[in-house]
Amino acid sequence: MDKATLVAIVDDDVSMRQSLPDLVKKFGFSVRAFASAEEFLASDCVGQTKCLILDFAMPGMSGPDLQRELALRGQKIPIVFITGQVDQDLRHQLIAGGAVECLFKPFSPAALLKALNTALGVS
Amino acid sequence: MSQSTCSERNQAAGPMLPTVLEARKWHEDLLAEIERVSSAGGFCWQAGTGEMIWTGEVYRILELDPAVPANIRQLGTRIHSDDLPLFHDMIDRALRDAPGLTYQLRLRLPNQTLKYLQLCARRSEGSDGQSQYIGAIQDVSRRWLSEEALGNVRCELARLARVSSLGALTASIAHEVNQPLSGIITNASTCLEMLDAESPDLDGARETARRTIRDGERACEVIARLRALFCKRGGKAESVDLNDAAREVLALSSNELRLKRVVLRTEFSEYLPAVTGDRVQLQQVILNLLLNAAEAMVEIEDRPRQLLVRTDLEAPGRVRLSVQDTGVGIESHNAERLFEAFYTTKSGGMGIGLSVSRSIIESHRGRLWAERNAGPGATFAFSLAAHEGGRGTQSLGSARLPTNTERLVRSA
Numbered sequence: 001m002d003k004a005t006l007v008a009i010v011d012d013d014v015s016m017r018q019s020l021p022d023l024v025k026k027f028g029f030s031v032r033a034f035a036s037a038e039e040f041l042a043s044d045c046v047g048q049t050k051c052l053i054l055d056f057a058m059p060g061m062s063g064p065d066l067q068r069e070l071a072l073r074g075q076k077i078p079i080v081f082i083t084g085q086v087d088q089d090l091r092h093q094l095i096a097g098g099a100v101e102c103l104f105k106p107f108s109p110a111a112l113l114k115a116l117n118t119a120l121g122v123s
Numbered sequence: 001m002s003q004s005t006c007s008e009r010n011q012a013a014g015p016m017l018p019t020v021l022e023a024r025k026w027h028e029d030l031l032a033e034i035e036r037v038s039s040a041g042g043f044c045w046q047a048g049t050g051e052m053i054w055t056g057e058v059y060r061i062l063e064l065d066p067a068v069p070a071n072i073r074q075l076g077t078r079i080h081s082d083d084l085p086l087f088h089d090m091i092d093r094a095l096r097d098a099p100g101l102t103y104q105l106r107l108r109l110p111n112q113t114l115k116y117l118q119l120c121a122r123r124s125e126g127s128d129g130q131s132q133y134i135g136a137i138q139d140v141s142r143r144w145l146s147e148e149a150l151g152n153v154r155c156e157l158a159r160l161a162r163v164s165s166l167g168a169l170t171a172s173i174a175h176e177v178n179q180p181l182s183g184i185i186t187n188a189s190t191c192l193e194m195l196d197a198e199s200p201d202l203d204g205a206r207e208t209a210r211r212t213i214r215d216g217e218r219a220c221e222v223i224a225r226l227r228a229l230f231c232k233r234g235g236k237a238e239s240v241d242l243n244d245a246a247r248e249v250l251a252l253s254s255n256e257l258r259l260k261r262v263v264l265r266t267e268f269s270e271y272l273p274a275v276t277g278d279r280v281q282l283q284q285v286i287l288n289l290l291l292n293a294a295e296a297m298v299e300i301e302d303r304p305r306q307l308l309v310r311t312d313l314e315a316p317g318r319v320r321l322s323v324q325d326t327g328v329g330i331e332s333h334n335a336e337r338l339f340e341a342f343y344t345t346k347s348g349g350m351g352i353g354l355s356v357s358r359s360i361i362e363s364h365r366g367r368l369w370a371e372r373n374a375g376p377g378a379t380f381a382f383s384l385a386a387h388e389g390g391r392g393t394q395s396l397g398s399a400r401l402p403t404n405t406e407r408l409v410r411s412a
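In order, the protein sequences belong to chains A and B. When the count follows my numbering, it moves up by one through the first sequence with no breaks and lands on 123 for the last residue. When the count follows my numbering, it moves up by one through the second sequence with no breaks and lands on 412 for the last residue.
Hints should not be assumed to be uniformly reliable.
[Stated by the list, open to error] Calculated pairs, EDC-like style, for lysine to aspartate or glutamate (alpha carbon to alpha carbon, straight line, at most 16 Å):
| id | chain 1 | residue 1 | chain 2 | residue 2 |
| --- | --- | --- | --- | --- |
| 1 | B | Lys236 | B | Glu362 |
| 2 | B | Lys260 | A | Asp12 |
| 3 | B | Lys115 | B | Asp89 |
| 4 | B | Lys260 | B | Glu207 |
| 5 | A | Lys25 | B | Glu299 |
| 6 | B | Lys260 | B | Asp196 |
| 7 | A | Lys76 | A | Asp87 |
| 8 | B | Lys115 | B | Glu63 |
| 9 | A | Lys25 | B | Glu207 |
| 10 | B | Lys115 | B | Asp92 |
| 11 | B | Lys115 | B | Glu147 |
| 12 | A | Lys25 | B | Glu193 |
| 13 | A | Lys25 | B | Asp201 |
| 14 | B | Lys115 | B | Asp83 |
| 15 | B | Lys260 | A | Asp65 |
| 16 | B | Lys260 | B | Glu193 |
| 17 | B | Lys260 | B | Asp201 |
[To be verified] Derived, one-sided and incomplete: chain A residues facing chain B with beta-carbon distance under 7 Å:
| id | residue |
| --- | --- |
| 18 | Gln18 |
| 19 | Pro21 |
| 20 | Lys26 |
| 21 | Ser30 |
| 22 | Ala57 |
| 23 | Gln75 |
| 24 | Lys105 |
| 25 | Pro109 |
[Unchecked claim] Quick list of simulated restraints, FRET-style, between CB atoms:
| id | chain 1 | residue 1 | chain 2 | residue 2 | range |
| --- | --- | --- | --- | --- | --- |
| 26 | B | Glu217 | A | Lys76 | 36 to 46 Å |
| 27 | B | Ala197 | A | Thr118 | 35 to 45 Å |
| 28 | B | Phe268 | A | Lys25 | 34 to 44 Å |
| 29 | B | Leu313 | A | Gln75 | 28 to 38 Å |
Just so you know, these hints were derived from the structure itself, not from any lab. Each residue gets a CB set at the ideal place from its N, CA and C atoms; glycine is no exception.
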């Protein structure tokens, strides 16, 4: 697996921002975490990000808002949504809308790894 | 002539004598009837000797035989034991020539019936130069019981409103607990990965274990806040910091606000005096205003959904909390109707939130109102008197009802 593959995490929840990066790092990726969609867009990571782990509900710009914004900018970053709402309809809707996966918190490391691999086209 | 004049006088005086008696009798009957209708009797009390004169209605209220000698000790035998300190305070004040006496006392009759009395008297000087008090005793049991019933209904309605807000909050609570739980699972998984590696990363594992504990504590805090918010109890009078109370409610409703894509801003006055009241009831009001504001912004797409929660001093000694939204706003002709029970502009609303909120604020001797913003949206605000050190809680309407509720439960 390419060590330099950059995975970005955007979640307003501090627990997730603290715990997820280490796990993703253990999977062998490099990681950057952001507290909001706006912060991510303003960073220098947008062009380099190979996969985005994106919280669905955030104050200000929501996950889907960021997805739309990236599409408008022509940035085709695969997105794995994560959400605290257990809602299968929402999950299907997000996947139909182009997301790679939608994971309900709390999710297992194996499920996250599987989603990341799918996003990056690794079998 | 003189004879006839005399006989005329006699004729005139003859029928007059019974008329005076009749008039007196008529007045006595009238007074007795008034006493009965108003459940109020009169008394005269020689404070020095304790001797009293009671009218018929006092005997009836006390359920004593009119042959029983009237005096302050006799009255004392009927007073509820919990109110005896109050009763003795009244006697002490009378012995110290207080100009007026106003007391609310309860009677405990031999058949265990409870009665509520209102006693008012004014001091005057008797013919012997000694202090005497002339006044009235009124049986106000009916009014008390209906006030108690009203207090109970209000408490129950407030609890119901909390429960109905619970529906809206369930998602929020689940989310609040879920976040740290997700952190715990991710951290613990990472920790295992670090330990299972060929060369275990012990420092990394320690750090993830520490984060696991932190997330666990975060989950516990959410549960503790919930316990405080949803346990059923009557109104309490305690010192409440509105900033803290609002922060707790905001912490619990943050997900609800996030889901509705509301941008929250707070402006909490740093030097805010405490207020006296029931913390949970006041939080119920704050929660209600927040959820209403969020609801009012659901359909707004052309501008930011901004929510501003602010605390400040409305005037010296008066604390204000306001919730300002950029939602659909209110029609000026609806501004007052909003506070009526079962009036709602929301499809899913029961229309009791604001009405209960207002009754809670009014029971705290405060004011709750709505106003239109200069820009889009509306502001709902309430103001309460700041807590005055040493004044205690006797002046608080809310402090009395729950006490009586407890009494009712005890005596039932």
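Going through the hints against the structure:
Distance restraint check for Lys236/B and Glu362/B: the Cα-Cα separation of roughly 15 Å lies within the 16 Å cut-off, and the hinted pair is therefore satisfied. For the suggested pair Lys260/B and Asp12/A, the alpha carbons sit about 15 Å apart, so the restraint of at most 16 Å is met. Proposed proximity of Lys115/B and Asp89/B is contradicted: the alpha carbons are some 20 Å apart, above 16 Å. Taken as a hint, the Lys260/B and Glu207/B pair is broken in the structure, with Cα atoms around 35 Å apart against an allowance of 16 Å.
With a CA separation close to 41 Å, the supplied pair Lys25/A and Glu299/B exceeds the 16 Å bound. For the hint linking Lys260/B to Asp196/B, the alpha-carbon distance of about 42 Å lies beyond 16 Å, and the restraint is violated. Among the hinted pairs, Lys76/A with Asp87/A is inconsistent with the structure: their alpha-carbon atoms are about 26 Å apart, more than 16 Å. This hinted pair checks out: Lys115/B and Glu63/B have alpha carbons roughly 11 Å apart, not beyond 16 Å.
Taking the CA atoms of Lys25/A and Glu207/B, the gap is near 14 Å; set against the 16 Å cutoff, the hint holds. Of the pairs offered as hints, the one joining Lys115/B and Asp92/B is violated, with about 23 Å between alpha carbons and a cut-off of 16 Å exceeded. Between Lys115/B and Glu147/B, the direct Cα distance comes to roughly 14 Å. Compliance with the 16 Å bound is thereby established for this hinted pair. Between Lys25/A and Glu193/B the alpha-carbon distance is near 11 Å, which keeps this suggested pair within the 16 Å criterion.
Restraint check for Lys25/A and Asp201/B: the C-alpha separation of about 13 Å stays at or below 16 Å, so the hint holds. Between Lys115/B and Asp83/B the CA atoms are separated by roughly 12 Å; this keeps the pair inside 16 Å, and the hint holds. Taking the CA atoms of Lys260/B and Asp65/A, the gap is about 13 Å. The hint holds against a cut of 16 Å. Simply put, Lys260/B and Glu193/B have alpha-carbon atoms about 37 Å apart, too far for the 16 Å limit, and the pair is violated.
As the CA atoms of Lys260/B and Asp201/B are separated by approximately 42 Å, the hinted pair breaks the 16 Å bound. Restraint check, Gln18/A versus chain B: the minimum CB separation of about 5 Å is within 7 Å; hint holds. The beta carbon of Pro21/A comes no nearer than 9 Å to any beta carbon in chain B, farther than 7 Å, and the hint placing it at the interface is violated. Annotation: interface hint on Lys26/A holds; nearest CB of chain B at approximately 5 Å, less than 7 Å.
Hint status for Ser30/A: violated, given a least beta-carbon distance of 16 Å to chain B, over 7 Å. Proximity of Ala57/A to chain B holds as hinted, the smallest CB-CB distance being about 5 Å (cut-off 7 Å). Annotation: interface hint on Gln75/A violated; nearest CB of chain B at approximately 22 Å, more than 7 Å. Of the supplied interface hints, the one on Lys105/A holds, with its beta-carbon coming within about 4 Å of a beta-carbon of chain B, less than 7 Å.
Evaluation of the Pro109/A hint against chain B yields a held restraint, the C-beta minimum of about 4 Å falling below 7 Å. Taking the beta carbon of each, Glu217/B and Lys76/A are about 41 Å apart, inside 36 to 46 Å as hinted. Between Ala197/B and Thr118/A the CB atoms are about 25 Å apart, so this pair departs from the stated range of 35 to 45 Å. In this structure the hint that Phe268/B and Lys25/A lie 34 to 44 Å apart at CB holds, the actual value being about 38 Å.
Here the CB-CB span from Leu313/B to Gln75/A is close to 49 Å, at odds with the stated 28 to 38 Å.
Of the numbered hints listed earlier, those contradicted by the structure are 3, 4, 5, 6, 7, 10, 16, 17, 19, 21, 23, 27, 29.
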